[in-house]
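*Asks:* Sequence:
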Amino acid sequence: MITTARFAFYVLFHPIDGFWELKYHKEKTFGAANLILALLCLMNVASMQFASFHYGILDRESNNILLNISSFVLPLLAWTVLNWALSTLLDGKATMKQIWVQSVYSLVPLLLSMPVLLVMSYVMTLSEYPFYALIQTLAVLWCVFLFLFGNMTIQDYTMSKTIAMAFFTFLGIAATIFIGIILFSTFQQLISFVSTVITEIRYMP
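If you count the sequence shown from 1, you need to add 1418 to reach my numbering.
No lab work stands behind these hints, which were simulated from the structure alone. One or more of the hints may lead you astray.
Said to hold, decoys possible - With a Cα cut of at most 25 Å, we get these calculated PhoX-like pairs of lysine-lysine:
no., residue 1, residue 2
1, K1511, K1441
2, K1441, K1579
3, K1579, K1515
4, K1579, K1511
5, K1515, K1441
Said to hold, decoys possible - DEER-style ranges, computed between Cβ atoms:
no., residue 1, residue 2, range
6, H1432, A1464, 25 to 31 Å
7, L1453, E1618, 50 to 56 Å
8, I1483, V1562, 24 to 30 Å
9, T1614, A1551, 47 to 53 Å
Here a beta-carbon is modelled for each residue, glycine too, at the ideal position from N, C-alpha and C.
Take these sequences, add in the hints, and give me the full structure.
*Replies:* Right under this line is the structure:
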């Protein structure tokens, strides 16, 4: 745990060296990345459930914990798979496991900001929200910075190619979501049609 925390902080301030070392020399980083993701999901649920009513959700009973967890895991999984798939076509050097680990480590600023924001929600008034939003924004921008430099390092790309890859990866995610919605809608209509046919057959004279 201590080694994981120390290395996560090292990656924060030395992303190129940190991700290069993570790819070539670090062992057991997959388990450490999953631990970081689990803590991130836990802190997200805690933020939703226990943040002050000024900054949190009003109806906590309707808050879906599984939805909160999937809001981190599913996009991260989609990014990993699609980024790896595209990189295999464009001379990328990273494996799917390495992309997953790099992506999770890039979310450490978000993990570190969540406890701070949770405490701030109880000591700050609503009029001081800009300071709260500033920390959120800085954490997200730091994550984006780590994502780009981390992916550039493990894929052995230039920054321009990394940005292009990220753009096409997000396009792939959007297309996947669109196709998924269409398939879900079609499947739902099919079930409704079959249910209607069965009902009519049952009540036929």
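*Asks:* All hints are to be evaluated individually against the structure, with a verdict given for each.
*Replies:* Quick rundown of the hints versus the structure:
{"no.": "1", "hint": "K1511 to K1441", "verdict": "holds, 10 Å"}
{"no.": "2", "hint": "K1441 to K1579", "verdict": "holds, 19 Å"}
{"no.": "3", "hint": "K1579 to K1515", "verdict": "holds, 21 Å"}
{"no.": "4", "hint": "K1579 to K1511", "verdict": "holds, 13 Å"}
{"no.": "5", "hint": "K1515 to K1441", "verdict": "holds, 10 Å"}
{"no.": "6", "hint": "H1432 to A1464: 25 to 31 Å", "verdict": "holds, 29 Å"}
{"no.": "7", "hint": "L1453 to E1618: 50 to 56 Å", "verdict": "holds, 54 Å"}
{"no.": "8", "hint": "I1483 to V1562: 24 to 30 Å", "verdict": "holds, 27 Å"}
{"no.": "9", "hint": "T1614 to A1551: 47 to 53 Å", "verdict": "holds, 49 Å"}
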